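Participant: Those protein sequences? They're chains A and B, same order as listed. Here the UniProt record's numbering is used: the first residue of the first sequence is 1, the next is one more, and so on. Here the UniProt record's numbering is used: the first residue of the second sequence is 1, the next is one more, and so on.
Don't read these hints as lab results, they were simulated from the structure. Some hints could be false.
Identical copies go unnamed one by one, so any copy, or any two together, can satisfy a pair.
To be verified - With a Cα cut of at most 20 Å, we get these calculated SDA-like pairs of lysine to any residue:
1. Lys175 x Glu9
2. Lys175 x Ala10
3. Lys175 x Gln5
4. Lys24 x Gly183
Owing to the predicted nature of the structure, the values given are computational and were not obtained by experimental measurement.
2 protein chains.
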Amino acid sequence: MLFRQLFDEATWTYTYLIADPDTKEAILVDPVAEQVERDLRILKELGLTLRYCLETHIHADHVTGTGKLRDATGCLGIVPANAQATCADRFIQDGEVLQMGSIQIEAIATLGHTDSHMAYLVNGTHLLTGDSLFIRGCGRTDFQSGNAGAMYDAITQRLFTLPDETLVYPGHDYKGETVSTIGEEKQWNPRFVGQTRESFVDLMANLNLPNPKKIMEAVPANQECGKVAIAAR
Amino acid sequence: MLFRQLFDEATWTYTYLIADPDTKEAILVDPVAEQVERDLRILKELGLTLRYCLETHIHADHVTGTGKLRDATGCLGIVPANAQATCADRFIQDGEVLQMGSIQIEAIATLGHTDSHMAYLVNGTHLLTGDSLFIRGCGRTDFQSGNAGAMYDAITQRLFTLPDETLVYPGHDYKGETVSTIGEEKQWNPRFVGQTRESFVDLMANLNLPNPKKIMEAVPANQECGKVAIAAR
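Make the full structure from the sequences, and use the hints.
Facilitator: In C-alpha cells form, the structure reads like this:
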C-alpha cells in the first residue's frame, strides 16, 4: 500500500494518506483544514481519487479538513459512532472494517480522550492511534467527555493486546518521533509501565495542562466537519 | 531493517536512525545537537549500539549532535570526503559502501549545496538526500561554496537515474511531507521539470533567501563535530 505520514506544524498533527496503488483509491485520516491545498496537490500528483476522510475523533486542537476536501473531491466523511457530528456521511462502529481495494481498515474503539474515539488498524500492520496511545505518552482526558479510566482500559485491553511488531502511528508527537511499535510502548510508555488503573487515573487528573488554544473554535467547527471555520474565513 | 525518521522542530531537520535488528548496531544520519538526549534515550530503549554518526554535509542551519554522541557512546563520526572537518574519525568517498551487519549504505556524491555533500542509499531502497534533492524542491546553493550547476548535474545524473520506486528521505521538508520517490520527483519537482541546466542556475541565483539564522555559529561548530557549540554552553 501507499502510506504517507503528513505533518501540520501549527498543531503538531499527523495526517495519514493511505492508498491502494492499483485502484488509486485513497483515504485521508485526520486531515487538517490549513493543509487542504497541500493534500489536494499530493492526491493530484499521485493520481489518486480521494474516497474517504476518516476521523479518529472530534478534535479540539485543530479544525478538520474534511469539509473542504469533501467539497473539492466528493469524498465521504466518516466519524466514529456516537460522535456529535451531524454533518458526517457515515459513522463507523467498533470492529467494523472499511474495505477500499486492497486496503482494510479496522476500527477499534479507544474511548478516553473523548467519548467517541477510534484507533484504526490498517492492513493488520499499521495502527493509527489518534489521541489515544502516543509514543511514550497518551492523549489527555481532562476535557470533552474525557475519561482516564476508559483510556487505560482501551489502551491496555484493546491496543496492548495487538502483536508487538504492530507499528504505532499517533495523531501527534511533541518530541519529533514519527513511529513506534506496540512492543516498545508496552515496555517503555511511562503512562502505563508500572501503573495500575487507579494510579493512571490519578496521574491523568494531575497533569494540569492548559486548554488547547483552538478548543472554542475547533470543537464546534469539527462537529460540522470543518464547515463553520470555512464560513468564518 | 529498523528505519526511523526523527524531526527537530527548531531547524526542521530530519535525522535518520537506521539499525540492524539482529546485530543491534545503529547509525544516525545528520543528528542534531539539541536532540542528543532524545536520540540517546531511543537508542537505549531499543537496545541499540550506536556505531556511526554520518553527516550528509557540514550543515549551516543546525549544530550536529555527533560530538556529544561520540562522547556518550564511543561511536565514530563520518563526514564526506573533502569536508573541512578535522575532527572526523573517518571520511567517506563517492561510491564507498559502509557495511554494518545487514545494512549497506552507499555514498553518492551530490555536490552543489556545499562542495562536499553525499546522499546515502540505504539497502538499495531508501535514499537519504540531505540538502541536495528535497520533496518538490532542492537545497540552496548560494553560500558555503554552493554551486547550482553542480547541484543540477548531481540530481539529474546521479539521483534521477536511480529506480523510480526509490524512496526519497530529505534532510528537511518545510511543508510537512516526510517521504517521496525518485519517480515522483522526476515528474513533479518544479526545480527540475522543464528546466535546463542554464535555467536552473538562473533560478537558483534569484531565490534571494535570507541566510540561515545559525550559519555563523553552525558552520565552525560543525567543522569541529559540534564541539565548539558544546564548549560555549
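Participant: Look at each hint and say if it fits the structure.
Facilitator: Each hint, compared with the structure:
Proximity of Lys175 to Glu9 under the C-alpha cut-off of 20 Å is found in both arrangements, the shortest distances being 13 Å within a copy and 8 Å between copies. Within a single copy, Lys175 and Ala10 get their C-alpha atoms as close as 14 Å, and across copies as close as 11 Å, so both meet the 20 Å cut-off. For the identical chains of this complex, Lys175 and Gln5 are neighbours both inside a copy (16 Å) and across copies (12 Å), given an alpha-carbon limit of 20 Å. In the homo-oligomer, the alpha carbons of Lys24 and Gly183 lie at most 20 Å apart only across protomers (16 Å), although the nearest pairing inside one protomer, at 32 Å, exceeds that limit.
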